[in-house]
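Position chain B against the provided structure of chain A, taking the given hints into account.
Chains as they are written, first to last, in the numbering used here: chain A, 1 to 307; chain B, 1 to 248.
Do not take every clue at face value.
Claimed, not checked - No more than 25 Å apart at the CA atoms, straight line, and that leaves these computed lysine-lysine pairs for DSS-like:
#1 K286(A) to K115(A)
#2 K75(B) to K115(A)
#3 K75(B) to K286(A)
#4 K78(B) to K286(A)
#5 K81(A) to K163(A)
#6 K78(B) to K115(A)
The hints are simulated quantities; they were obtained by calculation from the structure and are not laboratory data.
Being a predicted model, the structure only gives us computed values, none of them experimental.
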Amino acid sequence: MDIYLPIAEISVNVFLILGLGGGVGFLSGLFGVGGGFLMTPLLIFIGIPPAVAVATEANQIVASSVSGVLAHWKRGNVDFKMGMVLVVGGFAGSGAGVWLFTLLREMGQIDLVIKLSYVVFLGIIGLLMLIESIKAMTRHRGKKSQQSKSKSSRSWIDVLPLKMRFRRSRLYISALLPLGVVFVVGVLAAIMGVGAGFIMVPAMIYLLGMPTAVVVGTSLFQIIFVTANVTVLQAVSNQTVDVVLALLLLIGGVIGAQFGARAGALLRGDQLRGLLALMVLAVAVKIGFDVIVTPADLYSIGNVVGH
Amino acid sequence: MFRGRHILSLPFFLLFVAMPGSSSAQLIVDLSNHLVAITTGFTGQEVLLFGTTEGEGDVVVVVRGPESEVVVRRKGRKMGIWVNESEMIFRSVPGYYAIATSRPLSEFLPERVAARHQIGVSNLRVNAPENTDPEAVEAFREALIRNKIRQNLFFAEAERIAFLGNRLFRTDMRFPANAPVGTYIVQIFLVVDGEVVNAEITPLVISKVGFEAGVFHFAHRHSLAYGVLAILIAVVAGWTASAVFRKG
Chain A
1 MDIYLPIAEI
11 SVNVFLILGL
21 GGGVGFLSGL
31 FGVGGGFLMT
41 PLLIFIGIPP
51 AVAVATEANQ
61 IVASSVSGVL
71 AHWKRGNVDF
81 KMGMVLVVGG
91 FAGSGAGVWL
101 FTLLREMGQI
111 DLVIKLSYVV
121 FLGIIGLLML
131 IESIKAMTRH
141 RGKKSQQSKS
151 KSSRSWIDVL
161 PLKMRFRRSR
171 LYISALLPLG
181 VVFVVGVLAA
191 IMGVGAGFIM
201 VPAMIYLLGM
211 PTAVVVGTSL
221 FQIIFVTANV
231 TVLQAVSNQT
241 VDVVLALLLL
251 IGGVIGAQFG
261 ARAGALLRGD
271 QLRGLLALMV
281 LAVAVKIGFD
291 VIVTPADLYS
301 IGNVVGH
Chain B
1 MFRGRHILSL
11 PFFLLFVAMP
21 GSSSAQLIVD
31 LSNHLVAITT
41 GFTGQEVLLF
51 GTTEGEGDVV
61 VVVRGPESEV
71 VVRRKGRKMG
81 IWVNESEMIF
91 RSVPGYYAIA
101 TSRPLSEFLP
111 ERVAARHQIG
121 VSNLRVNAPE
131 NTDPEAVEAF
141 REALIRNKIR
151 QNLFFAEAER
161 IAFLGNRLFR
171 TDMRFPANAP
181 VGTYIVQIFL
191 VVDGEVVNAE
201 ITPLVISKVG
211 FEAGVFHFAH
221 RHSLAYGVLA
231 ILIAVVAGWT
241 ASAVFRKG
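Chain A with its partners taken away, still in its complex shape (with noise of 0.2 Å):
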């Protein structure tokens, strides 16, 4: 059965979309992770503009998210204060990121951002995972390191000005640190057409030293404002989301993660880290490829924007 996609302007058949949507909501159901940085790619792939996938993604992330955060919140593992903080953050970095985005396509170049910030991005974070997930595999039985961090690393951090206390992550910081770090991740998102957990999640943990059991939860609603706050920007900016290619995307999605959700209740910890860095690589290498070998055509053509 094939269905018009009324903004990608193409036809394609439901049922690859919905298995794409159930496959990736099945990984990221299993690892816990928003699979944007899977299924930005396969839908580029599949022949979807990439402008219209990084666009359309974005809608789907709100979606994932906001069932994601729901149990968290119920859990009480959202920390609300860090998370505005992040939010105000994040708006600004995914705003300039759009704007990035409309430039760079104007310039004819932002394929190659796009390809060359997934390599760089998922090859570090898959690398540093790959890393830390065999060493846990290694010493299974033993203890892991306990926050090891000492206080006189910070010291630059803590002579920031704007200290506030976020009681739920019981720490007391300068707000300027999650301000900067979830810029960043906020262009980064706008422009891969992710929710950009996967980057997201470590710098919590390790920049802003917050709580493990906190970080999940608050970084699934930092990401529903700033991924609401892409698609927002794109449809205005763009016109690039397609509501139906988000939809149809988001039925096979939420109904994947529920068979990954308990598939991951099978396997251990570091296994899953393992297997999800092994992934994440995986699609660091194949882009990577992409940009390295030489194309078939030399020659490209597209549509001149911005007239």
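What follows is chain B alone, placed relative to chain A:
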């Protein structure tokens, strides 16, 4: 509109000047459908073109989609990665181009006539930038056509026009799902002894209708409301999913 009239007048001019002796060779054509409606289930559509000629001759059909500006970019290797290095903008590129002929073109149509009427992808005038190295223009032009052919929007090979008896002819024009919306121009040439002796022109419109048109126009005319609605749908969907899951 201007281009359409221009093309129309040329064959009539030829008719009276180049073929003073011949009686006017009649050419009557029509399409099975002048509106291709893009609905939710649209996967492309075929349109039947049929017509009659009076007397002997070959028939050529040229279908051109709405024109737009197209940018062609060339990649080059920089520090090991492939980067778009140079670009060239062609100002009037048809969004679709296909031809159909009653016989292989080379058998009945001299190249100069084909070029004059822009018959065949190699004869397409796409308004290349001026004051540019002609070799570069040619390379970019070829790349443009190659890419359009790959997208199934240009066709290098001519479709066959079938004659039923020696007067009645028909051909199927295939429009893929990615055919751009807008007004298409269908030109029909009657060729006798290597010259165009008559021509007809008929429009064809490809348009989104119903739901597809509604979503598209909403997204473009009220883009802020569209964006907000997209978020609302996502929030409701996410909420519903978690509610259903909690019960199940």
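How the hints compare with the structure:
1. Restraint check for K286(A) and K115(A): the C-alpha separation of about 10 Å stays at or below 25 Å, so the hint holds.
2. Restraint check: the Cα-Cα separation between K75(B) and K115(A) comes to about 15 Å, which is no more than 25 Å; the hinted pair holds.
3. Pair hint K75(B) plus K286(A) holds up; C-alpha atoms about 19 Å apart against a cutoff of 25 Å.
4. A distance of roughly 19 Å separates the Cα atoms of K78(B) and K286(A); the hinted pair therefore holds under the 25 Å criterion.
5. Of the supplied pair hints, the one linking K81(A) and K163(A) holds, its CA atoms being roughly 13 Å apart against a limit of 25 Å.
6. Proposed proximity of K78(B) and K115(A) is supported: the alpha carbons are some 15 Å apart, at most 25 Å.
This entry satisfies every hint, going by the numbered hints stated previously.
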